[in-house]
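All chains, full assembly: derive it from the sequences and hints.
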Amino acid sequence: KDRLDNGDELIVVDMRQAWEYKSGHIPGATHMFVQEIPRRMNELPKDVDIVFQCWHGNTSLDASAFLIDNGWDGDRVFSLSGGIGGWVQTHGMESLVKE
Numbered sequence: 042k043d044r045l046d047n048g049d050e051l052i053v054v055d056m057r058q059a060w061e062y063k064s065g066h067i068p069g070a071t072h073m074f075v076q077e078i079p080r081r082m083n084e085l086p087k088d089v090d091i092v093f094q095c096w097h098g099n100t101s102l103d104a105s106a107f108l109i110d111n112g113w114d115g116d117r118v119f120s121l122s123g124g125i126g127g128w129v130q131t132h133g134m135e136s137l138v139k140e
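Take the sequence shown: its letters are residues 42 to 140, numbered as in this note's numbering.
Some clues are possibly wrong.
In silico DSSO-like pairs for lysine-lysine, Cα to Cα no more than 30 angstroms straight-line [stated by the list, open to error]:
#, residue 1, residue 2
1, Lys63, Lys87
2, Lys63, Lys139
3, Lys87, Lys139
FYI, nobody ran anything at the bench for these hints, they're computed from the structure.
This is how it looks when you write it as structure tokens:
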């Protein structure tokens with residue numbers, strides 16, 4: 042959250058279902074359902090930090106590993122620890138935006 046608040050260049054990828062994303066997501070997050078990642082991974086730049094986010098942080102770990110295995114720098118690809126649940130627990134529901 043600090044990096045987002047500071048305006049750091051990074052991409053947050055919300056991997057949940059579309060309806061979950063629309064019901065509340067991290068400001069500025071891009072939606073890319075987990076099953077779309079192999080097909081859409083080339084939409085993600087290799088020169089910007091990428092943070093994957095799911096519900097609990099487990100699936101996002103797999104997505105991070107997948108990108109790293111496919112040529113992305115391991116120092117630039119991350120999984121949001123605790124997922125959206127951990128984010129809400131730390132920052133509150135009011136920190137999410139709805140569509």
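Status of the hints after comparison with the structure:
Between the alpha carbons of Lys63 and Lys87 the distance comes to roughly 27 angstroms, so the proposed pair stays at or under 30 angstroms and holds. For the proposed pair Lys63 and Lys139, the alpha carbon gap of about 5 angstroms is at most 30 angstroms, so the pair holds. Among the hinted pairs, Lys87 with Lys139 is consistent with the structure: their alpha-carbon atoms are about 28 angstroms apart, no more than 30 angstroms.
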